[in-house]
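Asker: Let's have the full structure, built from the sequences with the hints guiding it.
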Amino acid sequence: MIFGILKDIKEGENRVICTPMEVRSIVASGHQVLAQKNCGLGSNFTDDQYRDAGAEIVDTMEEMYRRCDMVAKVKEFEPVEFDLIRKDQILLGCIHPAGHPEEVDAILKSGCIAFTAEDSHRYGSPNCEAAGKQGALFGLESMLTINGGKGKYVGGFVGAPGMNVLIMGAGIVGQGALEVLYALGANCTVMDINVGVLRSTSAKYNGKINTMFCNQETIASVLPQTDMVLNCVKWPKQRKDFLITREMLKLMEPGSVLVDISNDDPGAIESSHETHHDNPRYVENGIVHYCVSNIPGAVAYSTSVSYAAIMLPLILSILNNGVEETCVADGYYRRSLTAYKGYLTHEETSAIQGKPWIQPEIILGIQDRKLDLAPNATSSRSKNYIEL
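Here the numbering used here is used: the first residue of the sequence shown is 91, the next is one more, and so on.
If you are wondering where the hints come from, they were derived from the structure by calculation, not from laboratory data. Be aware that one or more of the hints could be misleading.
[As the list claims (entries may be wrong)] Capping the alpha-carbon separation at 20 Å, the derived lysine to any residue pairs in SDA-like fashion look like this: (1) LYS431 x MET160; (2) LYS327 x GLY201; (3) LYS330 x PRO191; (4) LYS324 x GLY189; (5) LYS97 x VAL287; (6) LYS431 x LEU227; (7) LYS240 x LEU227; (8) LYS445 x PRO191; (9) LYS327 x GLY189; (10) LYS199 x TYR155; (11) LYS127 x GLU171; (12) LYS100 x LYS240; (13) LYS100 x THR365; (14) LYS340 x HIS367; (15) LYS324 x VAL287; (16) LYS460 x ALA419; (17) LYS460 x TYR422; (18) LYS240 x VAL373; (19) LYS324 x THR468; (20) LYS431 x GLU166; (21) LYS97 x GLY144; (22) LYS330 x GLY345; (23) LYS97 x VAL373; (24) LYS127 x GLU152; (25) LYS324 x ILE262; (26) LYS199 x ILE476; (27) LYS431 x LYS100.
Answerer: In structure tokens, the structure reads:
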């Protein structure tokens, strides 16, 4: 097959889906690799490195779509790409389909086969770890007096106490943020709705962090003493309520910081809206908001190396074994199938957008085979089925 590495064109995105190392593995498996010109430049990988690994450098996005059986990128597919997608072509990227109806419409119209990468991770995405760790550092940067924060140092100085930090959500993102902030001396409180996760997190830090059940009431009780909040909660898209409302911001001291790492739309923070690296902060009700939606893009080399290694098995499975066998062998890959030749196969998207869908195993005709099982990717459910 001909596999194509697209250059990501989303604002502020510098990562690349495959480094030259993965190119060598794909070529060694007998496939041809095309790499769009400068696809890895933002991550410090040159076109010469891709050539040395066995890739052909292609100048334009149009040629990539015209020649490749499968194309892959890190982030969503942009409107400028919609008309280039071909029938039966395989797409792979962080499509985030439930939140991007126009992108889904274009994918369905094209008749392509699309996988959304964020649902394919059995052990969690390295992008989540990067977002948590780097998001914590950006939060500390936002706390600086020169950036509008109240100027509190994370670990404190002699006679001046350190920061009180609230981390909402103890998944991979929250654990990454906690690791950084605890190591730097912050007084950390972690909230989650999973008591088992809170217990194991507390044990990991020998009881030296605070843990609380996560709801609006517990959050409100600690906000007056909190210098920085990090939202690491994956908020169900169908919910219309918030964990932190605009009114609750008044409980915090002016110059405090809110870092919305999850940055869902709609999300858990009422006052949050997407920002970008060139203008990352704004102030509302006296609180400095950092709401960049692409935090891992700021450490593009490290995240690309980590992410590409995680994505390689899925890419090789599709190239070597085909879509059907890939979806039989791995339930996480099967649940990431978003569209198949004009049919929506992503339950969350159906639930959020009201579009009819069909289960991947049915459209692929593999429902009677022994399938690897995987948990549902989200809590969203839809019975708006397509009947064949």
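Asker: Within a Cα-Cα threshold of 20 Å, do LYS240 and VAL373 meet the stated pairing?
Answerer: holds, 12 Å
Asker: Need the status of pair LYS324, VAL287: alpha-carbon distance at most 20 Å?
Answerer: Cα-Cα ~15 Å, so holds.
Asker: Between LYS431 and MET160, does the CA-CA distance stay at or below 20 Å?
Answerer: Given pair LYS431, MET160 holds - Cα atoms ~14 Å apart, limit 20 Å.
Asker: Is LYS97 close enough to VAL287, meaning Cα to Cα at most 20 Å?
Answerer: Violated: LYS97 and VAL287 sit about 38 Å apart, past 20 Å.
Asker: When you check the alpha-carbon spacing of LYS100 and LYS240, does it fall within 20 Å?
Answerer: Not satisfied, since the Cα-Cα distance of roughly 33 Å exceeds 20 Å.
Asker: If you draw a straight line from the CA of LYS445 to the CA of PRO191, is it 20 Å or shorter?
Answerer: The given pair, whose Cα atoms are some 10 Å apart, holds under the 20 Å limit.
Asker: Just to be careful, I want the Cα atoms of LYS327 and GLY189 compared with a cutoff of 20 Å; is the pair within it?
Answerer: holds, 8 Å
Asker: Would you mind confirming whether the straight-line C-alpha gap from LYS324 to GLY189 stays at or under 20 Å?
Answerer: holds, 13 Å
Asker: Within 20 Å, alpha carbon to alpha carbon, are LYS199 and ILE476?
Answerer: The hint holds at about 16 Å.
Asker: Keeping to a limit of 20 Å between CA atoms, is the pair of LYS330 and PRO191 held or broken?
Answerer: holds, 18 Å
Asker: What's the verdict on LYS240 and LEU227, does the C-alpha distance respect the 20 Å limit or exceed it?
Answerer: With Cα atoms ~16 Å apart, LYS240 and LEU227 stay inside 20 Å; holds.
Asker: So if I understand the rule, the pair passes when the alpha-carbon distance is 20 Å or less; does LYS324 with THR468 pass?
Answerer: holds, 9 Å
Hint check: violations occur at hints 2, 5, 6, 12, 14, 22, 23, 27; the rest are consistent with the structure.
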